[in-house]
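Order-wise, the sequence lines are chains V and G.
Going by my numbering, 172 is the number at position 172 of the first sequence; the sequence numbering is gapless.
In my numbering, each number is its position in the second sequence, counted from 1, plus 1000.
Because the hints were derived from the structure by calculation, they are not lab data.
Just to be clear, a hint being listed does not mean it is correct.
To be verified - In silico negatives: residues of chain G with every beta carbon more than 10 Å from chain V: (1) N1064; (2) T1146; (3) D1241; (4) P1250; (5) A1258; (6) V1276; (7) P1305; (8) A1306; (9) S1332; (10) Q1384; (11) E1396.
Said to hold, decoys possible - Listed next, with one range per pair, are the computed distances between beta-carbon atoms: (12) N52(V) to D1274(G): 52 to 60 Å; (13) N52(V) to K1091(G): 32 to 40 Å; (14) A1419(G) to N172(V): 42 to 50 Å; (15) N172(V) to E1253(G): 28 to 36 Å; (16) S1017(G) to K6(V): 29 to 37 Å; (17) Q192(V) to D1011(G): 14 to 22 Å; (18) G173(V) to E1077(G): 34 to 42 Å.
Each residue gets a CB set at the ideal place from its N, CA and C atoms; glycine is no exception.
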Amino acid sequence: MKKFEKLSSSVVPLPIENIDTDQIIPARFLKATTRDGFGDNLFRDWRFDSDNQPKADFVMNDNTYSGKILVAGKNFGCGSSREHAAWAIQDYGFDVVISSFFADIFKGNALNNGVLPIQVPESFLEKIFAAVFADANTTLSVDLEAQTVTIDATGDSFEFEINPYKKSCLINGYDDIDFILSQKTLIEEFEQNR
Amino acid sequence: MGKTLVEKIWDAHVVKSQEGFPDVLYIDTHLIHEVTSPQAFDGLRKRGLPVFRPNQTVATADHNVPTLDQHLPIKEELSRYQVDMLTKNCKEFGVELYGLGHPYQGIVHVIGPELGITQPGKTMVCGDSHTSTHGAFGAIAFGIGTSQVEQVFATQCLLLQKPKTMKIEVNGELANGVGAKDIILYIIAKISAAGGTGYFVEYAGSAIRSLSMEGRMTVCNMSIEMGARGGLIAPDQTTFDYVKGREFAPKGEEWDKALAYWETLYSDEDATFDAVLEFDAADIQPMITYGTNPGMGIGITEHIPATQAQPESEKPSYQKALSYMGLQDDESLLGHPVDYVFIGSCTNSRIEDLREVAAFVQGKKKAENVEVWIVPGSKQVEAQAKEEGIDKIFEEAGFVLREPGCSACLGMNEDKIPAGKYCISTSNRNFEGRQGPNARTMLASPLTAAAAAVTGKIVDVRELI
Ligand code: SF4
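Pulled out of the complex, with its shape left as it was, chain V reads as follows (with noise of 0.2 Å):
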């Protein structure tokens, strides 16, 4: 897994809540079987039409915005597992993910991507989206050592939560599998005694 520490970026806006899976990579774009490519099909639905043109008023079709950092609106992943919803963000340049609320299933799938999925308060939402609106270059900078990310233009920041051990694995670049594999003897002992 790639190392995270920091980032500076600009970002891209999507004030919509309750993104959902099927929205960030319907259905129909799962049937490969490995991990590469989704980014193309990333928001297919919005960003293109039946005949496969770009819909103009979709903001990844506008070259006002663009970035490493996607911004959404409150609940942002619900419905389905599937991971390839992370691997579409990650493959089409997305490093870090900010709303003001994850589902689970996918807050875990970016982590284990390296995605960093970052949950600030509505109020720092709404505060990123006016920036950006008032001016679409507005960087964010993204510190995860500090847990810190910072509205480079008006100062204004904030301290985000994350579990320490998932930090770590961001911060090293190795993931659950490799920690996990680790334990095998206990797993092993686990069974016996059972």
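Starting from the known structure of chain V, arrange chain G with the ligand on it as the hints suggest.
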């Protein structure tokens, strides 16, 4: 201090617990299917690892399969490749597969219980969020991502934080024509699509107790639609009677031993939950959804809530949902025409669902303007339906009983609802595009769906029974 049911099962499966780290939780049963497993098998190959406990792993093909002419090769190339890949992977790693053509094939959450694989007190996972279904038996069952599928393959364990617990009690008697699906749609409408996030939910109360196992599965199935990791119901005589005698249920002395343990599986009187909610069954009418998440539901006689009544920040999303659905503020759904009726999915495709629909439609005819798809949850459900003559009743009514699979629940296989069409669906998700690009889904119970099938519109089924 007493323990909740979740705590009892959780604690019995903790391999290692360490301050500041997630628990290492042992998983008894791992269910897999074609869509979320290939990358996990690949991961094993890359690490040079076997499946650690293949005997505790069961596979089926369900999401991507056609529901007509299953004896023929799958037409769509990518779907066929994915299903073939599952066969190849299961063979290579020694995992039992109930694939197409096998008498046990079906939707993963339908076959687990009907084969007796799902049992009280177990920990069960699957790369599918509706794994919560199995909680109906008093098991800790939840959906996982593909990286976690790989973890379970490699170690039969998962790294997890112990979840918070919520109790949802539903007491009192359900009105005639109101069932398990209405209960869960009602709860989600009350607490929203995110109201259970972070929790494991235990359903309790007399209305829950009175449900059959099929009904309990319907309730637990949709726990994820309120954001909860899982839902479960303490096992009781209904549970034991259902499990007994099934293919993989314990037998003889093993049964007695298992039963003695299962009888200890309930939340202690003095156990504390992180949250408790109570509902009255008498308040529940047949439910229907009007929006694009399962929390956007109303009683069938109610009107669509006005945008004005929504919190300021939610207005744009609310408007977007209504415009996607082609519906208006304050509109009543009664009498709204319907184009498709889909009775199926892991929420409502069990034999009891088909029986209920058959009893209602017997002697009636399908309305001209609707297409009706009835998709059994498994080969065994299909066989049982035929044995009971239910297929004949459907045929006479003008319905098609198809072959098992996820079908129109998710617009991944051949069964899709065309753009702009309204579908009353017994499945669990009404997200934009869930049943096909621009398809408009309205979630409801099998009875409400059946009533729409024979009238061609949304009606209050209580007036027809
Ligand atoms: S029936 Fe629908 S919800 Fe259930 S497992 Fe299949 S796709 Fe998922």
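Checked hints:
{"no.": "1", "hint": "N1064", "in the structure": "7 Å, violated"}
{"no.": "2", "hint": "T1146", "in the structure": "4 Å, violated"}
{"no.": "3", "hint": "D1241", "in the structure": "26 Å, holds"}
{"no.": "4", "hint": "P1250", "in the structure": "14 Å, holds"}
{"no.": "5", "hint": "A1258", "in the structure": "13 Å, holds"}
{"no.": "6", "hint": "V1276", "in the structure": "20 Å, holds"}
{"no.": "7", "hint": "P1305", "in the structure": "15 Å, holds"}
{"no.": "8", "hint": "A1306", "in the structure": "18 Å, holds"}
{"no.": "9", "hint": "S1332", "in the structure": "24 Å, holds"}
{"no.": "10", "hint": "Q1384", "in the structure": "28 Å, holds"}
{"no.": "11", "hint": "E1396", "in the structure": "33 Å, holds"}
{"no.": "12", "hint": "N52(V) to D1274(G): 52 to 60 Å", "in the structure": "47 Å, violated"}
{"no.": "13", "hint": "N52(V) to K1091(G): 32 to 40 Å", "in the structure": "37 Å, holds"}
{"no.": "14", "hint": "A1419(G) to N172(V): 42 to 50 Å", "in the structure": "47 Å, holds"}
{"no.": "15", "hint": "N172(V) to E1253(G): 28 to 36 Å", "in the structure": "49 Å, violated"}
{"no.": "16", "hint": "S1017(G) to K6(V): 29 to 37 Å", "in the structure": "32 Å, holds"}
{"no.": "17", "hint": "Q192(V) to D1011(G): 14 to 22 Å", "in the structure": "18 Å, holds"}
{"no.": "18", "hint": "G173(V) to E1077(G): 34 to 42 Å", "in the structure": "36 Å, holds"}
Violated hints for the displayed structure, listed by number in ascending order: 1, 2, 12 and 15.
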